[in-house]
Amino acid sequence: MKSFEFFEPTTLAEASSLFAQKHAQLLAGGTDLVIGMKAYTETPETVISLQKIPGLDGITTDNDKSISIGAMTKVRQVELSEDIQQYHTALAEGASEIGSIQIRNLATIGGNIAHASPAADTVAGLLVADAQVDIASADGERSVPINELFTGPGQTVLKPGEIITQFRLLHPASGSHYIKHKIREVMDLAFIGVASAVNMQNGVIKEARIGLAAVAPTPIRATEAENLLSGKTPTPELLAQAGEAAAAATSPISDLRCSAEHRKEMVDVLTRRTLQNALDRV
Amino acid sequence: MSDYSVVGKKLPRVDAVEKVTGAAQYGADVHPAGMLYGKIVRSKHAHAKILSIDTSEAEKLPGVRAIITQDDVPSGRRVFATDKVLYLGEPLAAVAATDADVAEEAAELIKIEYEVLPVVQDVMESIKSSAPRLHGDETKDGPNRRDINAKIKELSSDQEDDNSDTIRKLKAELEQYSDEVYYNISAETHNEAGDVEKGFAESDVVVEDTYVIPRVHQTYMEPHVSVASADSSGKITVWASTQGPFAIRSGIAGTLGIPLTQINVIGTTMGGGFGGRFGVIITHVPAVLLSQKSGRPVRVQMTREEEFLDGRPAPGCVIKIKTGATKDGHILARQALAFWDSGSVSGASIGSTIRVRGVYKIPNIKIDAYGVHTNKSGTAAYRAPGAPQAIFAGESQLDDIAEQIGMDPVKFRLMNMREEGDAVPAGGSEPKVGYKETLEAVADAAGWWDREADDNQGWGVAIGDWTNGCGPGGVYVSVHEDGSARIFHGSMDITGTDTAITQIIAEILTVPYENVTIRRGDTDSAPYSTGSGGSVVTFTMGNTAKLAAEDARRRILELAAERLNTNEDNLELKDGAVHIVTADPPKSISLGELAAYSLSTTGGPIVGKGSFARQPSTPALAAQIAKVEVDPDTGRTRVLKLVASQDVGFAINPMAVEGQIEGGTVQGYAWAMMEEMQYGDNGNINPGFVDYRVPTSADLPTVESVIVEVPAPNGPYGAKGVGEPPITPTLATMANAVKDAVGIRVTELPIKPEKVVEALKNNGHGA
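Taken in sequence, the protein lines are chains A and B.
This note's numbering puts the first residue of the first sequence at 80, with every later residue one more than the last.
This note's numbering puts the first residue of the second sequence at 183, with every later residue one more than the last.
Careful, some of the hints might be misleading.
[Said to hold, decoys possible] Restricting the straight-line Cα-Cα distance to at most 20 Å, the calculated cross-link-like pairs of lysine to any residue (SDA-like) are:
1. A/Lys-117 - B/Glu-940
2. A/Lys-261 - B/Val-821
3. A/Lys-117 - B/Thr-280
4. A/Lys-81 - B/Lys-937
5. B/Lys-921 - B/Asp-590
6. A/Lys-261 - B/Lys-231
7. A/Lys-81 - B/Phe-670
8. A/Lys-343 - B/Lys-335
9. A/Lys-117 - B/Asn-864
10. A/Lys-117 - B/Lys-231
11. A/Lys-81 - B/Met-484
12. A/Lys-117 - B/Lys-335
13. B/Lys-504 - B/Lys-921
14. A/Lys-81 - B/Pro-244
15. A/Lys-343 - B/Glu-940
16. A/Lys-238 - A/Gly-219
17. A/Lys-117 - B/Thr-485
18. A/Lys-261 - B/Asp-813
19. B/Lys-937 - A/Glu-340
20. B/Lys-231 - B/Thr-264
21. B/Lys-335 - B/Arg-350
22. A/Lys-117 - B/Ala-375
23. B/Lys-226 - B/Thr-280
What the hints contain is simulated information worked out from the structure, not anything from laboratory work.
The following block holds chain A by itself, in its conformation from the complex:
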């Protein structure tokens, strides 16, 4: 590990101004950053811990069932939160897929998202929750929808000094499901990740949201597939059409894990499957 300067600010403002410097990295849970530093793939000159800043963690549910998740909330807490399990099952399932329990007890949801891996396990669940991402900096605060946060692998719209503070989940789903395609049962990275969420009204799909991970340079929503479903009565044929539309929306790569073709096919299969399971959970 290269030597670096370490700060533990106690306010967001202080953290933000430190973070605005060149070659600075934020330390949340450390489960990505520290490994990268040990492998010399991350060589920050300054490391700023967010752990001493109060108020950045915790899950709160309002009367209207909207949920706020602090960026420093441990992934394990997201996984085990009863409200998230109930209203955003796909997100709780995604959280449960990250690493081991030891890792999940350290890793934060903010870190999982800010790292901007297209394969992050919480991202598909946040996409189908239509989460708002609250961001703070020395210049003030702003908020972006999760599907506008990412610009490329490891890239986000975050500007120097900007720090994610919380995720607001304003649209509970009556049924949702996340499937991670992988080889190993646990502690694997997503070959692809698919989440679907539905809200029903009188037997008709009122709205459907489909989030896809590891099938494009950024995590994406399959909006054409969503539009196909909205206002329709669910049938196997309809879900098959949605699966095809979702697959068409992807632009996966071939790599050592699997081929682009396999990823596309699995989006089709797992979109159908997650939609069906989401519908079953309503």
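Chain A is already provided as a structure; the job is to place chain B on it using the hints.
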């Protein structure tokens, strides 16, 4: 067998407490005063000429104490590459510095100029004339050319002229096989018995396929590490994480031209070996050279990435295999042509190709096997080296034959098995081995005969054979004044072998198990011991321990006879004391009293010595059955049941034996389903546990172990080596279960979801 009081019992391991508490000292725990940190500088290319190595910048870095290249190897034996590198990660130099980060930085500062050469990593490409030559231009003939050339040679030596037409024809025929001129061959081996062509002609069913098995890593938990310290007198001490300290001693001596006994190797607790921990040059030699140059102790420890780049994994191979059988189920012929990926050096386990024969009566057999150079690191042993690969091909194909002739796969195997007294191809006759007992035991335990399967579920069976090795060893045992016994020896504990040795000595001396302790010496102090690999330890050291304990018992009875004024014939050693059998009232003397008494006798203290080298071993069989469920849409396979039986001869410690069966089976499962070293344009691309997947406990159910005991004539209490056999059948077991579940024959491992989906599509699924 139930007469024994210590052997045959599930006793806790002698090293359980030190392992569980973390007290055990591994290589990385060794930290002599003044120790430096070594780092090996590695090639960034899979194949390149080395134009220059410039260490000048690195030398200027504060904290750097020594930098070595091949110029610093006085013997000239190749430790570092000089003119050319043959694989990504090949060592070019090494650095020792005052801390690990400085060593790392210095390694980066060493400037190496390369001229990149074309790379070949696939054996089937490497044998072609179009492939870059790794070592030279020598070629070898393939099987048909060999046969024709042999005929030509035979005829040419004949004096009769009328052979010339035939020779001309044969030479023309030779031309047809021009693609059988193989390049980059590192070794070859050929076996033949009977006449395979005749066998195939007489067969009703002939199946031919090509199987591809990937290179896999032993993935021991502890990476290679050694700490070397050369003192001013030239004495060298090496703390080595190794399976064979004595082999490391002679290896270092031979490589560096140092007198053997000027080197002391201290084996540190081993964090897994599986055959991959015998390498001398990987870390030990660089550590010694760095210590000699710096005058300080030096630790060289590999990272996990370095393990993948420059460990010595198990070779992958391509096996073309053909089997013929009659429709009533007799196997008549089997032929195999194998290309083993030996990497940059020779040494892949090509001889194991013969394992395609299995334990079957196959009258006609022909094996041609080649080791092929590729731009990869060399290979080494991995748990029954070569057998899982060959048996995967053989046992997969056997199921296809059984299916074609409509026979149950277990019955088909049972009817073709060799039996006691059958002639063995290598000579002699088949000993009594529990082949049938083992397969029947697993079939019964798994519920094979009334098996059920829902949609997409299937059952697979396979068997694998292996024979433990044997080697020299020495053991001392002393009995102390408190009646306890202490064992002294020099073999590395591998998965409970110290426990087995302790149980054997406790049994014979009748000392309570917990009062027998075992100490391992270093190569300076302990008697020679063979390396802990090849399933040898319990067989070899068990026999040695038995001899030592019997020697001690002789002295004990001698002392007791003297002390009790009686004849040895009247004495019995039992429950930690010597008793006069005939005395009334009973008369006895404890081992402690005898040990105390011995100190003032002419004959001296109770010390038993055992020394042993060789006895013939007996084959062992492992048989396994899996039930799986395949998701035809995603291609993912879930194991529902995995049952493994094994003829272990006699289980000295059944708990440890079950552990071996479970461990080997899981490693076989991993090779079948997920493990694979992958190669891109320039060497290994998955050098870490993110993309080289080893299974976790969530991936499969508890392996159900079934111990079968058909004693081995020369094993201690009938024991056979148990470590290696259980990995041998699992690859085929899994593939056969997948075939049964969804009808696809996977010939290329691992059985990844994508491959299953593709194969199912080709079979019409989802169309």
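Cross-check of the supplied hints:
1. For the proposed pair A/Lys-117 and B/Glu-940, the alpha carbon gap of about 39 Å is over 20 Å, so the pair is violated.
2. Restraint check for A/Lys-261 and B/Val-821: satisfied, since their Cα atoms lie roughly 15 Å apart, inside the 20 Å limit.
3. Using a Cα cut-off of 20 Å, the hinted pair A/Lys-117 and B/Thr-280 holds, with the two alpha carbons roughly 18 Å apart.
4. For the hint pairing A/Lys-81 with B/Lys-937, the CA-to-CA distance comes to about 42 Å; that exceeds 20 Å, so the pair is violated.
5. At roughly 14 Å between alpha-carbon atoms, B/Lys-921 and B/Asp-590 fall within 20 Å of each other, so this suggested pair holds.
6. Restraint check: the Cα-Cα separation between A/Lys-261 and B/Lys-231 comes to about 40 Å, which exceeds 20 Å; the hinted pair is violated.
7. Proximity of A/Lys-81 to B/Phe-670 is assessed by CA-CA distance (about 46 Å); at most 20 Å being required, the pair is judged violated.
8. A hinted pair counts as satisfied when its Cα atoms are at most 20 Å apart, and A/Lys-343 with B/Lys-335 does not qualify at roughly 59 Å.
9. Using a Cα cut-off of 20 Å, the hinted pair A/Lys-117 and B/Asn-864 is violated, with the two alpha carbons roughly 24 Å apart.
10. Distance check on the hinted pair: A/Lys-117 and B/Lys-231 sit about 31 Å apart at the alpha-carbon level, beyond 20 Å; violated.
11. Taking the CA atoms of A/Lys-81 and B/Met-484, the gap is about 19 Å. The hint holds against a cut of 20 Å.
12. In summary, the hint linking A/Lys-117 to B/Lys-335 is not supported, as the alpha carbons are separated by about 62 Å, beyond the 20 Å threshold.
13. As the CA atoms of B/Lys-504 and B/Lys-921 are separated by approximately 19 Å, the hinted pair is consistent with the 20 Å bound.
14. Simply put, A/Lys-81 and B/Pro-244 have alpha-carbon atoms about 15 Å apart, close enough for the 20 Å limit, and the pair holds.
15. About 13 Å separates the Cα atoms of A/Lys-343 and B/Glu-940, which keeps this hinted pair within 20 Å; it holds.
16. Taking the CA atoms of A/Lys-238 and A/Gly-219, the gap is about 12 Å. The hint holds against a cut of 20 Å.
17. Pair hint A/Lys-117 plus B/Thr-485 holds up; C-alpha atoms about 11 Å apart against a cutoff of 20 Å.
18. Restraint check for A/Lys-261 and B/Asp-813: satisfied, since their Cα atoms lie roughly 13 Å apart, inside the 20 Å limit.
19. A C-alpha spacing of about 12 Å is found between B/Lys-937 and A/Glu-340, which places the hinted pair at or below 20 Å, so the restraint holds.
20. Taking the CA atoms of B/Lys-231 and B/Thr-264, the gap is about 9 Å. The hint holds against a cut of 20 Å.
21. About 12 Å separates the Cα atoms of B/Lys-335 and B/Arg-350, which keeps this hinted pair within 20 Å; it holds.
22. For the hint pairing A/Lys-117 with B/Ala-375, the CA-to-CA distance comes to about 56 Å; that exceeds 20 Å, so the pair is violated.
23. Only pairs whose Cα atoms come within 20 Å are accepted, and B/Lys-226 paired with B/Thr-280 is rejected, the gap being roughly 25 Å.
When each numbered hint is compared with the structure, violations occur for hints 1, 4, 6, 7, 8, 9, 10, 12, 22 and 23.
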